[in-house]
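Colleague: This is what each chain is made of:
Protein chains: 4
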Amino acid sequence: MKKFEYLPEIAKLGHVAVISADLEKSLWFFKDVVGLEETAVADGVHYLRAWGDFEHHSLTLQAGEESRVDHIAFKTKRREDVNNFAILLEDAGIDVTKVQAGTEKGQGEAIRFNIPAGHSFELYFDMEKPLVEKYRKSVLKNQPLKPWNKGVSPRRIDHVNTVTTNAGEMVKFLKDILGFNIREYIKAPNDQIVAAWMSVTSLVHDIAVMTHPTDQHGLHHLAYWSENAQDMLRAADILSENGLKFVGPGKHGITQAMYIYVQDPGSGVLLELFANGYQIFEPDWEPIEWTVEDMQLGVTYWGQETGKTEAEQRSTNAGFTKSKTY
Amino acid sequence: MKKFEYLPEIAKLGHVAVISADLEKSLWFFKDVVGLEETAVADGVHYLRAWGDFEHHSLTLQAGEESRVDHIAFKTKRREDVNNFAILLEDAGIDVTKVQAGTEKGQGEAIRFNIPAGHSFELYFDMEKPLVEKYRKSVLKNQPLKPWNKGVSPRRIDHVNTVTTNAGEMVKFLKDILGFNIREYIKAPNDQIVAAWMSVTSLVHDIAVMTHPTDQHGLHHLAYWSENAQDMLRAADILSENGLKFVGPGKHGITQAMYIYVQDPGSGVLLELFANGYQIFEPDWEPIEWTVEDMQLGVTYWGQETGKTEAEQRSTNAGFTKSKTY
Amino acid sequence: MKKFEYLPEIAKLGHVAVISADLEKSLWFFKDVVGLEETAVADGVHYLRAWGDFEHHSLTLQAGEESRVDHIAFKTKRREDVNNFAILLEDAGIDVTKVQAGTEKGQGEAIRFNIPAGHSFELYFDMEKPLVEKYRKSVLKNQPLKPWNKGVSPRRIDHVNTVTTNAGEMVKFLKDILGFNIREYIKAPNDQIVAAWMSVTSLVHDIAVMTHPTDQHGLHHLAYWSENAQDMLRAADILSENGLKFVGPGKHGITQAMYIYVQDPGSGVLLELFANGYQIFEPDWEPIEWTVEDMQLGVTYWGQETGKTEAEQRSTNAGFTKSKTY
Amino acid sequence: MKKFEYLPEIAKLGHVAVISADLEKSLWFFKDVVGLEETAVADGVHYLRAWGDFEHHSLTLQAGEESRVDHIAFKTKRREDVNNFAILLEDAGIDVTKVQAGTEKGQGEAIRFNIPAGHSFELYFDMEKPLVEKYRKSVLKNQPLKPWNKGVSPRRIDHVNTVTTNAGEMVKFLKDILGFNIREYIKAPNDQIVAAWMSVTSLVHDIAVMTHPTDQHGLHHLAYWSENAQDMLRAADILSENGLKFVGPGKHGITQAMYIYVQDPGSGVLLELFANGYQIFEPDWEPIEWTVEDMQLGVTYWGQETGKTEAEQRSTNAGFTKSKTY
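Protein chains in written order, with the working numbering: chain U, 1 to 326; chain L, 1 to 326; chain W, 1 to 326; chain S, 1 to 326.
Next comes chain U alone, as it looks inside the complex:
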């Protein structure tokens, strides 16, 4: 495997591309209620980001007949990693599609591919840091936009949580080929991994994988991060006043983070509002193992429960059924 001086590496989660069957409602939800900011609208695609996201967009929304997640994008550590990943993936028997610079506004050359489980991933390195109009710009040089303009107003994108029928296989792929580290996982009595939280950053997860009985390549939720626990309580008021049902607030044992789960009424995509949690700066981190016995505490340390498993929750409480990655 010594084709490269360095193995290509992923640096962080970049964005999620959502197709919505009711774009107007999705825009109301993500812009007015959640309070994401719009960087640009081009060719029917709305490019959104949170006030603390440094790049051009962390979410795209566009109209489509059926709601689904088009792709999940990760940024590589170096520019050459995009091509090197292409080589690595093709060696692993995966079809890779090159995406021209500018296909997504602000984004340089990228690649897309379906991981074996079926989810569509994108890898890119170059991404424009957009000029911001003076009235929207923070007075701080290190902060892209003024906060608290509207709605919940989270700081930045945090992670995606995916489902598949064979979590163990998907986790292995994410680890061996894409380089994600397992930070915490749930092990079934038969020693199979039924859920894992994985990251390339110091976050407990940039991506999680959970077992689903039938959905081979689904998105459980995408998450935006707020800075303080109390922001979750303010979010709960805002969601309630906008007539939106949600699960939470509560605190996960796994990740130690506070959560609220609420569904975009336009696309059906489940959004997690997320706050607090711990970080892993340890280079010798030993993945935390949860068993079926203590899993309940791992899923819900306290607060309104998300279901016995989150996967169960997904198709029951929050009614998320349509969003898929292909």
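Hints should not be assumed to be uniformly reliable.
If chains are identical, the list can't say which one is meant, so a pair holds when it fits in one copy or spans any two.
Below, computed lysine-lysine pairings styled on BS3-like, alpha-carbon distance capped at 27 Å [to be verified]: (1) LYS187 - LYS175; (2) LYS31 - LYS150; (3) LYS150 - LYS245; (4) LYS77 - LYS129; (5) LYS134 - LYS245; (6) LYS172 - LYS3; (7) LYS187 - LYS129; (8) LYS31 - LYS134; (9) LYS77 - LYS175; (10) LYS134 - LYS187; (11) LYS98 - LYS129; (12) LYS172 - LYS77; (13) LYS137 - LYS245; (14) LYS77 - LYS98; (15) LYS187 - LYS245; (16) LYS175 - LYS129; (17) LYS172 - LYS141; (18) LYS141 - LYS187; (19) LYS134 - LYS150; (20) LYS172 - LYS187; (21) LYS245 - LYS141; (22) LYS129 - LYS105.
Worth flagging that the hints you see were computed from the coordinates, not collected in a lab.
For this one, chain U is given, so just place chains L, W and S on it according to the hints.
Modeller: Just chains L, W and S now, kept in the frame of chain U:
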């Protein structure tokens, strides 16, 4: 009824006297986990208060064969109100017992009586403001004790919530004889009041009354108030780490306050940790009416639900069955 | 003084009427930055209130050549108290002007008068509770408006803080004629009261009085209350991003409340954003005395200092010089 | 420089070793007021850590005639990095001392050396994760200790901030030899770097360097991180009640984090209590440049100021003069 120049009036909730079948466990719960401070121990009675309670005690704990609430005490507005209430109550056909000064440590002359529903009430005016050892004293002249010494560390006692089989009658008594104002209430389809939140202060309730199918004179819970919503989240961590189950955090529609319900494992008494909420300074307040249709929102604006009615919750989730007032 | 069955009583602070030399800037400040909601605009007067204020308005803004506070209004406990106060005040040698119902939109019959120190007060009882458009209405029956619509978004008006050259005399008037209780005060070495915090409610102050070397009848600041300490930190972000200088956050010893002081750039009126603090339900409250020695702790428990006295602060840090009541 | 397959890398800040002229007072401060937990005491050394620190210790305290910082320790990414750094450093003309495993309790083989500016650094990889007594252990598998046991109770160590007479040179060393990335910096009109915030993690800084007129190798402060902004306000109460003077709360522009600065009364070491702030997951981060003109905003976004420069603050407000690294 012109026996007095002024009608006697109640100023505030004073304290709750709890008998515990497992005093040691109750002391652990209220002192170490909740973080109440001990003013004194005398004749087997532990006198506790929160760091912001100005009086000698807001909770007493003592051992007994069966756990129960011995009495709920309210402070009158003027010293002479204690006797004037005695006259008023006897006129209403209620037996009144005089309690000698010092029977409860720090407390002056008082009266005790059972309201028609059966709950035992105490009325007092004089209450010592105890000297505090220098190391426990706040540096602020207007604050009795240093905060954050241990556990949850709420600021002050807030309210009691009672149950009875005929809420309407008890509410009428509290209003007509004791002068509590109805602030919010739930009305059954037959126009009966099934629950009411009542106060003599600007708080939405100093006392609430809820219908219970069989319990004629019970305490649903007593509540201590913390200053900030985030204190509820810290409390949730502390309770979880101490192995205590609880309901919440959530936010009531009625009172607009955040809640956590947790049971004292010693006495079985249900404690509400409470924060935020609104105040009524309006002299022309019109009681807020909730119907069976919108009651659910009134009970739980968001968060982990307390049951379809709190009374239901009481005998299910929190398992509070033993504590009674006589 | 037995002219009335009951002495008339004040129930609460109602509103402050501000004349602004730069109305547009004041509207930007109070509506967009602070986030007050507009109930109505009539005859050039903008009627504003916070989302948790139950009455028609808690602040009025109108254009004028010179910025000043036109009057401070308090609501009486009973309808007849308005007239009874008129009698009481005239007996005390004070000129009283009757104000027709509707002179202020939503308000019933009222009286206005200058207290001996010179500040213009208004007393009213009847005040419309305005109908709210569905999209602005809270889903909760006990909450007038949806919160978090814009800017800081405090819950309700809290208090006014006034200055005068002889604080002791003004305090005496507020106590003897208007019935305000002294809750805390600062005493000079010559035993004179140099500042006092006074209330008719359970708040530590509905009105404060501070000594000023030259200003006989000024407003130091008006205050709006937010529910949580963290709201002060979010407010600090919002003010900073809007290019507004402010003092704080900090915590007063007196009142135990958190503060931020920021000046309306239109009128020069100083606004205090205020959170937390303690309440006095004690009928036998003994006013807390602060001396010149411990006053510093009383003014600033911690955080950015407001000046050695607030009165000093007023003319230095915040530059509030123009607003006056006549 | 191709001596190694991989260049050695630093993973994170590990701990700070403090010698205190008044150990008893330092232990009171760090254990009772700050609320750090004691892992072990051996040979007169107290090994402390926060409840969320995964390793054996993040602070050591021991008695000494003169208070000083003995060394600052960083953990490497791989075990072999410790030796590889030794080679790298000796190549750069720096004397390296090997430290036997167990010299510091829980720690494996390490190296110590003075950087050219004079500060004493330690590099280690192996560090024991200590067994925790059941009563102190969190119920969560991913959290070392129960939180909120005592005092401020921060989550984890965050960073160190150092001073030297030639910041530019020290920054160059940290970057070129030790691999720290510049995240933000202040540039003097003569184009010299006068302060820099540098990290190997996603934190804005694991170490900061600031110019000091005379101190060639000093520690400005060490910092512990709390999870929520409100924790800073609770900390302010706790410090005030313990009679400790401090600077803050405020919010830095650089790092966007809230701060309180308080001095250990035993050793004179300055401690920063720290919360919130942003993270850098961007692999193509361009260091944020602050100039003398906008530096004031960078140092204090809002709140009680830390001095025109923090270095100035160090010798004035907080009186930190004794702590040094050799």
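Colleague: So which of the earlier hints does this model not fit?
Modeller: none
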